[in-house]
Structures are given as structure tokens and as C-alpha cells.
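K.L.:
Based on the sequences and whatever the hints tell you, model everything.
Spelled out from the first residue to the last, the chains are:
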Amino acid sequence: MLIFISWRNIWRHPARSGVLLGAIIAGMWAGIMVSGLTNGMMEQRFNNLIEESITHVQIHHPEFVTERDPDMFIRKSDEIIEFLRSLEEVHSFTARTLAGGMIQSPQTTAGVQIQGVKVEWEKSTTTFHENMTRGDYLNTDTRNALVMGEELADKLEMEMGKRVVLTFPTADGEMTSAAFNITGLYRSASSQFDAQQVFVRSSDLSELIAGETVYHEIAMMLNDADSSEVVASRINDEFPNVKAETWYQISPELRYIADFGNSMTFYVMLVIMLALAFGILNTMLMAIFERMRELGMLMAVGMSKGRIFLMIMFESIMLTCSGAIAGMLLAYLSIQWLGDTGIDMAALGGESLSEFGYDTVVYPVITSADFMAIAILVVVTVLVSAVYPSYKALKIKPADVVRE
Amino acid sequence: MYLKLAWRNIWRNKRRTLITVSSIMFAVIFAMFLESIERGSHNVAIENMTRFHTGYIQVQDYRFEDQPSLDNAFLYDAEQRNQILSASESINYLVPRIETFMLAAGDDVTKGAMVLGIDPEKEDRLNNLKSHLVEGAFSSGNQTAVIAAGFAERLELSRGDSLVLLGQGRFGRTAAGKFEITGIVDLPMRAMNNQMVYLSLENAQRLFSADQRITNLLVTPNSPQQVEQAAREIAEAISGGDLRVFTWQELLPDLVEALNFDRASTRFLMGILYVVIGFGIFGTILTMTLERLYEFGMLISIGMHRAKLASVVFLETLFMAIIGVASGYFFSTFLLLYFKANPIELGGDAAEIISEYGFDPIIPAAIASDIYLFQGAFVFALSILISFYPIMKIFTLNTMEASRK
Numbered sequence: 001m002l003i004f005i006s007w008r009n010i011w012r013h014p015a016r017s018g019v020l021l022g023a024i025i026a027g028m029w030a031g032i033m034v035s036g037l038t039n040g041m042m043e044q045r046f047n048n049l050i051e052e053s054i055t056h057v058q059i060h061h062p063e064f065v066t067e068r069d070p071d072m073f074i075r076k077s078d079e080i081i082e083f084l085r086s087l088e089e090v091h092s093f094t095a096r097t098l099a100g101g102m103i104q105s106p107q108t109t110a111g112v113q114i115q116g117v118k119v120e121w122e123k124s125t126t127t128f129h130e131n132m133t134r135g136d137y138l139n140t141d142t143r144n145a146l147v148m149g150e151e152l153a154d155k156l157e158m159e160m161g162k163r164v165v166l167t168f169p170t171a172d173g174e175m176t177s178a179a180f181n182i183t184g185l186y187r188s189a190s191s192q193f194d195a196q197q198v199f200v201r202s203s204d205l206s207e208l209i210a211g212e213t214v215y216h217e218i219a220m221m222l223n224d225a226d227s228s229e230v231v232a233s234r235i236n237d238e239f240p241n242v243k244a245e246t247w248y249q250i251s252p253e254l255r256y257i258a259d260f261g262n263s264m265t266f267y268v269m270l271v272i273m274l275a276l277a278f279g280i281l282n283t284m285l286m287a288i289f290e291r292m293r294e295l296g297m298l299m300a301v302g303m304s305k306g307r308i309f310l311m312i313m314f315e316s317i318m319l320t321c322s323g324a325i326a327g328m329l330l331a332y333l334s335i336q337w338l339g340d341t342g343i344d345m346a347a348l349g350g351e352s353l354s355e356f357g358y359d360t361v362v363y364p365v366i367t368s369a370d371f372m373a374i375a376i377l378v379v380v381t382v383l384v385s386a387v388y389p390s391y392k393a394l395k396i397k398p399a400d401v402v403r404e
Numbered sequence: 001m002y003l004k005l006a007w008r009n010i011w012r013n014k015r016r017t018l019i020t021v022s023s024i025m026f027a028v029i030f031a032m033f034l035e036s037i038e039r040g041s042h043n044v045a046i047e048n049m050t051r052f053h054t055g056y057i058q059v060q061d062y063r064f065e066d067q068p069s070l071d072n073a074f075l076y077d078a079e080q081r082n083q084i085l086s087a088s089e090s091i092n093y094l095v096p097r098i099e100t101f102m103l104a105a106g107d108d109v110t111k112g113a114m115v116l117g118i119d120p121e122k123e124d125r126l127n128n129l130k131s132h133l134v135e136g137a138f139s140s141g142n143q144t145a146v147i148a149a150g151f152a153e154r155l156e157l158s159r160g161d162s163l164v165l166l167g168q169g170r171f172g173r174t175a176a177g178k179f180e181i182t183g184i185v186d187l188p189m190r191a192m193n194n195q196m197v198y199l200s201l202e203n204a205q206r207l208f209s210a211d212q213r214i215t216n217l218l219v220t221p222n223s224p225q226q227v228e229q230a231a232r233e234i235a236e237a238i239s240g241g242d243l244r245v246f247t248w249q250e251l252l253p254d255l256v257e258a259l260n261f262d263r264a265s266t267r268f269l270m271g272i273l274y275v276v277i278g279f280g281i282f283g284t285i286l287t288m289t290l291e292r293l294y295e296f297g298m299l300i301s302i303g304m305h306r307a308k309l310a311s312v313v314f315l316e317t318l319f320m321a322i323i324g325v326a327s328g329y330f331f332s333t334f335l336l337l338y339f340k341a342n343p344i345e346l347g348g349d350a351a352e353i354i355s356e357y358g359f360d361p362i363i364p365a366a367i368a369s370d371i372y373l374f375q376g377a378f379v380f381a382l383s384i385l386i387s388f389y390p391i392m393k394i395f396t397l398n399t400m401e402a403s404r405k
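So the protein sequences, as listed, match chains A and B.
Numbering follows my numbering, with no gaps: position 327 of the first sequence is 327.
Numbering follows my numbering, with no gaps: position 314 of the second sequence is 314.
The set of hints was computed from the structure by calculation and includes no laboratory data.
Please note that a few of the clues may not be correct.
Said to hold, decoys possible - The following label-pair restraints were derived from C-beta to C-beta distances: (1) Glu79/B <-> Asp154/A: 41 to 51 Å; (2) Ile325/A <-> Tyr2/B: 38 to 48 Å; (3) Asp154/A <-> Leu85/B: 25 to 35 Å; (4) Glu157/A <-> Gln229/B: 55 to 65 Å; (5) Ser131/B <-> Asp340/A: 46 to 56 Å; (6) Ala326/A <-> Asn222/B: 28 to 38 Å; (7) Ala178/A <-> Glu153/B: 38 to 48 Å; (8) Glu401/B <-> Trp337/A: 36 to 46 Å; (9) Val256/B <-> Glu120/A: 30 to 40 Å; (10) Glu51/A <-> Leu85/B: 42 to 52 Å; (11) Trp7/B <-> Leu383/A: 34 to 44 Å; (12) Val165/A <-> Tyr62/B: 20 to 30 Å.
Built from N, CA and C at the ideal position, the CB exists for glycine as well.
P.N.:
What follows is the structure in C-alpha cells.
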């Protein structure tokens, strides 16, 4: 009965109900969009870093990461490689020979990290080769081929086909130097990376370091990023002489992106929910004052205060539910649409970003768990902000308002 | 006349006005808060990066940017120093550096090292370098060095041991020297901690055969707002020579890009917030209009021109918008001051990682006049736009229906 009255009340004032409905829909849409956008941005940066070089799981000599000693290569790497081939979670993997050293051109000297890669393995595992701007990704017959960032090439005043000298320690602790030919240039999203990392063939580098084929790092992409930890611990159980780590342990930068993004999203969401709550509160309050006479009349003819409170709350609940459903539908459609076309940040003032290799188009992503969590958050926010106006309605003195 | 009428109307129903004004006020507060923490997080990032890396302004030889070699170190004598110092009133102090990459050998191990010739006092003023000393001290003595803790570990060196540096000095001359380690600093950034060697400026210049020369001069302005001005004035004073002035935007293009990207996404979030805020204000104004339809209908039927009534209602909204924005300014100033003094603290791994870098894991609110100006103006414009609803309603109102209530 009361619900019926509430239902009729809503339709008696279509404009007022409409604007409340609009506010709830907007709030729901806003909450889900914010979450989808920030998720999408984080996922994008994540995938860039993971797919380009970090990968899901990496294996090293247990102390290599801190010491970076060339002698700390992975012992019995053949067995590990066999084992990885047998794991069905592993999509693909690659092995790298690493060294820290100096690069010399006739003009100047700079410190560099040298990565010796197995070209075919690397190409099937990471997307780094897509960053090549000149030449081929070490895919040549040239002896001692080397690929460097354009940034570094500028610094060294070097170009394609020129020779540079790399100096680095060997596994015996001696220093060795060798001439390398620049066969390609790349440009990644980070100019700092470009100025510090050079790539050579793993076979060339490990010959110089140890006189045989050695790898300091085995990196793998999995079919599902969530199985990173399981795979890492299986490798650690199987091979106690190496250490497998997930991207989460390897890259503080990725952890930073994840956590910083989360806390910023929290504050943005907080502000939006507060804005929504006050919008609803003010509109409802105004509506109650407008309905003073009507409510006073109901009281005067004998409707109890409790029932009036309930009646108004029923109205709010019905409005909220329909608003929430419409808002979720709208947000779902927006996300579906934007998830395909993307949001071009360049249009919002990030024009110069693409020059730096940033992907300016962000594709919002939302998980169903987030979707539901936000839906509940919005509904609770709206209902809580409806309580005060309904309570205010109880304070009406029928004698005063009816006389107006 | 209209003004008076509108003013009276506002105060005739205080409750109604209060609600409308407060919805505008909250809109201003929320919009300002969101922009302020975004700006604050940027300011923190800029300050941290400039303090630990590049400084706000750097003076270099114009060839050094493309070719960071000792060959492109520039003469930094008393005359040059005075010329730069007197160029601008905004300069607080100067930090000279000479840097190059060398091989460093301990007893058994040899590694690459970043060798930096510094003035420890000035460096300390810039980034509290001395507070990172875990052992010993910076010494002004001949052939002494301070090395980073990670580097010391890798080379198995400790205080009192000697360190051999080997590399290329200016114009290809051999640079080699033996140094006594007088101190160890534990630097927050791992990459630096694993390869830094500090020499005094004089020792480094002697080692590199670069008498009185430096590769970079960091200029710290009195405040971050004076960066542009100071850079311009220095550039004017040293124009014509081989020197060039760089601001942090030129030195840290990656940071600038990251911030731009962040700004673009914040703009999008702002847009979403405006939708919510807009509905909030629209809701109150619409409900207010409905409530007053009887009054409007009555006024029109007793002969008030619709246009006149509309101007009165418009003036009312104008007043309320002004009061709303002004009170929004008032309260958000308190809110921002509070969050500036008690910055938001980040939690979880992000905090840990930022601390590892030697930064504080906080986001203080930023207070800047353009935030006030832009957000105030925007919410004001939004309110005025929304006020067209009651005006439209007045022109289309059916008086018979409205006054029958």
C-alpha cells in the first residue's frame, strides 16, 4: 500500500523525479567510468613494460640482481630451458646475456648496460623489436652487430654502420674490449632507457664474457599473468640454485604504478561520491520543502510520522534502483564503446605525447567485480544521502504548513 | 529596482537559498580539491626529480647536451661565477659539478663508475647529501674520495682503502689516480648507489686535466615560480658565448611528458566530476523552480511582464552563484591549507618504493591562483547556464495551470 503511494508520488512529479534519476544515473556512470579509465591506463602502461622487456617471470642466479657479477650466470641453463618447454603455463621464453660496461666512440665515453639477446627467442617473447627505427633487430650477418637507442647514438655522435668499442668485465674478473658495428637504432617510450641500453647478439657477448654460451637471465611470458607466482615457485622448487621472480618482485616501477594509481583512484572516487551525495542531498531537501504542504496535509489527516518516513524512503529506493540500473547500463555501453574506439588523450592536451612513444589512446577496462563494487557504492551513497531529507520531513508541524 | 527585488527574493526564503548556494559551494570545493591534489602530486614529483637529478636550471656548454664529454666542460672561474650570480636577483645559490664515466678498481674487482666532482657544501644544500653519509666525511684533502655504499660493496672497499680511477680526461689525455676513501654515502636510488664516486671539485679537475672547468652548473632559484625568470635573465647575461641555459623541462623531458599525460587524464576525470556536479546544481535549481511555479504564475497573471520576471530570476541565480563561489573559495581555502599542512599519505607498496627513492610518500595539496580562477569561473558559468532552465520555464509557463494549485 505504502509502496503504491510512493510509486504514484514519483510519477506525480516527473520533472523532479527525472532530475534525481538523472543525478543518480550520472553518479553511477561517473563512478564506473573513472574506474574503467584508470584501470585501462594502468593496464596499458603495465602491458607496455611487461611485454617490452620485463615479462611475467625472470630467472637469475640468486645474487645476480644485486651484484651483477658477470660470473653469476645461470648454471645448467639447458635443464631449465627443457623444464620451461614442458610447462604448459609458459607461452614463450627467451634467454639473455647481460653486462654492464662502457661504450666508446671516437668522441666520448658513456656507461651502458649491454643485453645479449637470442634474436628469434626474443622476438617471439617480447615486443621490443617494434621499437626499431632504423636497420634490423640484430638479424644480420654482420659480425658483432649492435643496436642502440637513438638517444645514445646522438650522444656518441654515431650513426648506422659505424663502429663503437664496448669495454666490460669477463667472468674471470678481467676487463675486455671489443669493437661492435651499429646495425640498428631504436626508440622506446623512455629516453633514459634509450641512452643506457644497447643490444647485441647473445652468442657474441657470451663468447667474450665466458668463452662459452652463458645466460644471466631467462625471461618468460605466460599465457595468463595471474599464474606468475605459481610458475615462479614451481621453478624455484625444481631448481634451488636459481631464483625465479615475478614482475611484481622485479620491477618496483610497476608496483609503483599499480599502487599510486590505486590511491589516486581512491581520492578521485571519494570526491565524486561526495559530490554525488551532496547533489542528491540538496535536491531531496529542496523537494521536501516543496512538499511541505502535501506532507503536512497527510499528517493532519492522520498518517503517522513513521509511515511518512517510510514512504519517502521507498520513493528514494525506487528512484535509486531504477537510476542505478539505467546508470549501469549506460556505463556498460560507454565502456564497451570506448573500449573499442579508445579515448584519445592527445585531444585533451597531450599532443606531444605520441612523439615520445606514449600510446595516447586509452582503452577503459573494467572487471565485473569492480563494476559491482562501484554499483553498490553508488547505491549506498545515494540512500545514505536520502536519509537526512526524509528525517527532516518528520520535523514538519502540520498546523504551520497547512495554513500557508 | 530589479536588483532590489531579486535581492529580497533571495532572502525571503532563506532555506531555499541556502540549499542552492551550498550546492554551488560544494561544487567549487570538490572541483578545486581534485585539481589541487593533482597539482600537488606534480609539484612533489618535480621537486624530487630536480633536487636529486638536475636542479631547476642548468648551465652547460651548448655542445655538452649532444656530447656529454669532458671536452665540452666550460671555464668556471670567479669571473664566470660572478657574471652568472649577478645576472638575476632570483638566484639563490649555484652548484657546480664536473662528471664523467670511468673505470674504478679496488684490490680485486674492477667496475664502471660515475665520477662526480662536487662542492660538498653546495651539494648538501641542494639535496642533503651529507645526511646520507653512513661513515666518515667529505674531505677537502688531496686525492680523497667518498663512494656510494652499493659501489663500496661491489668493489669490496671500505673506508681508508684506496681506490684507483682510470679513464679519459679532457682531450683524450689519460686520467688515472689513486684516492683514499674518506667516507661512504648510502644513496637512496639503487642505480646511483651502485656506481657513484664523489671527488672534490679540485681533485676531479686535476684528475681530468680540466683546470677550473666544470660540465654542469646547477642554479637554484629562490622559489620554483622564479625558474623561468631566472633562466631568462641568465641566458641574457651569458648570451654570445658557448654557454646555454636549460630549465628542468628541457632536462627532464620524460617527466614533462608523464605529467602531461597525467594532466590529460585528470582533465577527463574533471569532465566526469563536472557531470555529477552539474546534476547536483541542476537538481536544486529545478526543484526550486517547481516550487515557485505558483508564485511565478500569480505574478504573471497580475500583470508582471515575463521578461521582467525572468530578469529578476536571472539576477537571483547570479547572486546565488556569486555567493556560492565566494563561500566555496572561503571553505576550500581552509580545506586546501589543511591538506597542504597535513599532506595525504600514500599507503602500501607505492609508499615503500617512493621512500626507497629517498622521497616522502606524500601528496600535499597545491594552492595556486589559477586553480581558484579556473574552477571558480567554471562552476560559475555552469550555474549561469543552468539558470536558463527557470527562465525558459517562465516564458513557457501556463498561468492558468500554475495558479490553480
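K.L.:
Would you mind marking each hint as holding or not holding in the structure?
P.N.:
Here is how each hint holds up against the structure:
For Glu79/B and Asp154/A, the hinted distance range of 41 to 51 Å is not satisfied, since their beta carbons lie about 32 Å from each other. Roughly 45 Å separates the CB atoms of Ile325/A and Tyr2/B, a value that falls within the hinted 38 to 48 Å. At roughly 32 Å, the beta carbons of Asp154/A and Leu85/B sit within the given window of 25 to 35 Å. For the hinted restraint 55 to 65 Å between Glu157/A and Gln229/B, the CB-CB distance of approximately 34 Å leaves it violated.
The hinted range of 46 to 56 Å is satisfied by Ser131/B and Asp340/A, whose Cβ atoms lie roughly 52 Å apart. For Ala326/A and Asn222/B, the hinted distance range of 28 to 38 Å is not satisfied, since their beta carbons lie about 55 Å from each other. Judged by the Cβ atoms, the range 38 to 48 Å given for Ala178/A and Glu153/B is violated: they are separated by roughly 28 Å. Checked against the hint of 36 to 46 Å, the pair Glu401/B and Trp337/A passes, with Cβ atoms roughly 41 Å apart.
Checked against the given bound of 30 to 40 Å, the beta carbons of Val256/B and Glu120/A, roughly 38 Å apart, stay inside it. Distance hint check: the CB atoms of Glu51/A and Leu85/B are about 50 Å apart, consistent with the given range 42 to 52 Å. At roughly 37 Å, the beta carbons of Trp7/B and Leu383/A sit within the given window of 34 to 44 Å. Roughly 27 Å separates the CB atoms of Val165/A and Tyr62/B, a value that falls within the hinted 20 to 30 Å.
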